[in-house]
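Letter by letter, the chains look like this.
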Amino acid sequence: MSGNTNIDQARHPAADAVAMFFKNKPAIVALFVLVLIIIAGLIGPLLYPIDPFDMVWAPFGLPGEDGFILGTDYLGRDLFAGILHGTRVSLQVGLTAALMTVLIGVTVGALAGYFLGWVEEVLMRITEFFQVLPTLLFSMVIVALFGASLPMITFAIGLVSWPAVARITRAEFLRIRELEYVTASRAAGAKNLKLIFKVILPNALPPIIVQAALMVGSAILFEAGLSFLGLTDPNIVSWGQIIGSNRPYILDASYTVTFPGLAIFITVLCLSLVGDGLNDALNPKLRQR
Amino acid sequence: MTALLRVENLRIELATRLGVAPVIDDVSFELAAGETLSFVGESGCGKSMTALAIMGLLPDKVGRIAAGKILFNGEDMTQASDERLRSLRGNDISMIFQEPMTSLNPVFTIGEQIAEVLRRHKQMDKRDAWKRAAELLDAVRIPDATHRVGHYPHQLSGGQRQRVMIAMALACEPKVLIADEPTTALDVTIQAQIFDLLEDLRKDMGTAIIMITHDMGVVAEMADRMIVMYAGRKIEQGDVHTVLDHPRHPYTKGLIACVPHLVATLDEHRPPLTEVSGIVPGLQEFGKNECLFASRCDRVVERCLRERPTEQRFDKDQVSACWQANTL
Amino acid sequence: MTLLRAVAQRLLYAALLLLAVLVLNFSMMHLAPGDVADTIAQSMGGADSDVMARIRSDYGLDQPFSVQLMRYIGNVLQFDLGYSFFYNQPVTSLIFSKLPATLLLVVTAQLLALTVGVLLGVYSARKQDGIVSHFVTVFALFGYSAPVFWTGILLLIAFSLKIPLFPVAGMIDVTVEGGFFARFIDLLRHMVLPVITLASIFIALYSRLCRASMMEVLGTDYIRTARSKGLSTREVVYKHALKNSLSPVITLAGLQFSAVVSGAVLVEAVFSWPGLGSLALQSIIARDTPTILGILFFSALVVIVGNLITDLALRWIDPRVRSRT
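Chains as they are written, first to last, in my numbering: chain A, 263 to 551; chain B, 5 to 332; chain C, 43 to 367.
If you're looking for bench data, these hints aren't it; they were derived computationally from the structure.
Hints are supplied without guarantee of correctness; some may be wrong.
[Said to hold, decoys possible] Taking lysine to aspartate or glutamate and the EDC-like style, the derived pairs with C-alpha atoms no more than 20 Å apart in a straight line are:
1) A:Lys287 - C:Asp171
2) B:Lys65 - C:Asp90
3) C:Lys204 - A:Glu442
4) B:Lys65 - C:Asp122
5) B:Lys73 - B:Asp96
6) B:Lys135 - B:Asp148
7) B:Lys130 - C:Asp171
8) C:Lys281 - B:Asp129
9) B:Lys126 - C:Glu277
10) B:Lys65 - C:Asp80
11) B:Lys73 - B:Asp86
12) B:Lys126 - B:Glu46
13) B:Lys207 - B:Glu139
14) A:Lys453 - A:Glu442
15) C:Lys285 - B:Glu116
16) C:Lys169 - B:Asp86
17) B:Lys207 - B:Asp96
18) C:Lys281 - B:Glu87
19) B:Lys135 - B:Glu177
20) C:Lys281 - B:Glu116
21) C:Lys169 - B:Asp64
22) B:Lys130 - B:Asp86
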């Protein structure tokens, strides 16, 4: 290759990142599967209108028999209907909790990394405090004391998960605030708010986006864990709850825990792969190679 | 005089994204016991690669010796087993590097890092090795050595760390010491001290030194003989005074003209300082059958672009790889 | 001594963190619907408002928030975390009877995960295109993505139901007779599946990080120096490189303590392991608030002690941390 750079090829960095992402085969496949899962969650229950709470057949009907794709559980409820309805719950909780995580985490991290001094000191101590409480146990306590409704579960997950985002955001802010273009903007008289949201935050976004993708996965795992333990709204089907309620019967009907577990596994796996893909695409250090 | 170290037609290939490039292309030279031989050239000329090849430390999977011999005391090191190479490394041949700040392991005391070599090669026990480490630190003029021996690298300055590296390299009184730009990362005043130290130790131990540098001033001060490298090739060789006095390659001439105190004495007329314009060719150009300096040369003739210059010998073992060497 | 000062500093900070946990605990108890009086009344099968008022004044529930908080903290300082009306026992003794089981699970799993993770990481860093390296990549993804309770159930189905190698549930089999050795073996057999289940997540995490940090360290100047000294590959990798690449892994392990305790709750539920997690679940179902909050307090204590040990380990490994103070 010759040394002259082709100026026409210079593109917006976002376009570069998208191109890079689409070179990552596992990430594309994962994204495709995720889209299928989302579609299934949105319109699946309409296309397969069997109520997951109805006892539609004899208990422990094997997968594939009598027209039930994944068989029936210990109460004769259609497992496939349960997993399909659970999809929506998992995605909803995962996305909402991750959003909450990112909002709290970015706010705390940005303020700490921008203002330094006592603001940073106080905020980071609070962050460390939250990291000392075992996340699952803490959210169990919240749910136990304040009720096992879906919004409360989502709130509990969001409340215990944000410290990771806060740390990453703070680290990015600490790094970026020293860069020349920030100093230049400051010298040009930019106000704090403008510096935080217009100058530093956009440049700090890549690792936050990656973390957000991983957060959705971890929130889904979280919700599954809580509902496996029975700490969930009894009127809502979810993947973890199916596993939890069929747990005593694994000797006779292992498929009743295998399939919903697979659903969680595949969904979270896809989110991890997409997160990895985003990481490679958004990490400029890797891109130069 | 038989050579202590003799490199014959060495060719080192480096795997790059664009294919295999000969970063060292048909280089031969000799090193006599106790002498100081200097390798000069801009960065990217293959000086460090030559050193790593002699040490048997070419980067795995990336670099390899494709042809040639490296004879140490008559033994071909390119054919030697890993075990044999390890027993020579740090013992008969040792090396100090350009970056004293990062060349010492941060999690071990400097005493341990020196003592380790002694335990490895001289079969010393823990206590003797530690005592000897303190003596060596004293020998490289680190004050309060018996106390400092228990310090960690981060507690030392850059110059002190390079002294530790020298102590470590000389612990087993090697026959050859390779110094790869040992002072480039250091302050000018420290540079002079390190060179004095190396010179004294060489006199005491009779160690031959291969001094790799890009600084003609260092060569003039330190070396007996010099080799000028360009784009993986040896382009000129000779004893330092002869070459500095009468360079027979336009590149050498250009390098000398860059250094003020080499070209001017006080009572003489000072020629204008120049620089060698242009840059070293990219790796993909290496290995072509032409003079690789041609694009930067003001004496280029048609033959230079057609054929790689052969080595021509002159008085006092001066060698030049330039078609125009006679006219220079 | 700088070490003593550093430890004292950490201990003071740990105490402050625990105090904060207590304040949080108490606030949650205060905010949650229902109070101790309700619980007692419930266990008595109902009580009229006079009785309720008397209970409230007996327990000081009619006093201002700050007074109650101070008394709560005072009690905890005397190892009194309240009384469990469900178990009819002081919460502290209840927790102390379950804590060893959880500690055994958590510490063993963390140690196993670190050992296996570091070995896999080091090995795959040296053979980057080897089978082990690919295995680490795949295994790491699996470890991140599989819900730990599901992994546990699958292992249970495979290795104690289908192939009956290990016991299905619990920590000890009371029917096992014999001396200390026989009972020890029995304990080990019970531990295998829960420990592997819990460790699997963290093995994935640590091996991936260890591989990355090992690869970085192997490319450093001081490793080149070590090789130039004529050291064997083993000395270069396991002495010079390993000690340097351990720091990030241990830092991560320290941050994971809270996750390990969380994971233990689920693993205990799967394997009916008689630890704090099982106790927490039972007390949540029984609405036994003092016990639940006591467990939260003690699990935070476990995490804090874990972090303390991590800090000391890092100081021991990296002299630069030592001089930073």
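Structure versus earlier hints - violations, ascending order:
The structure breaks hints 2, 3, 4, 7, 10, 12, 22; every other hint is satisfied.
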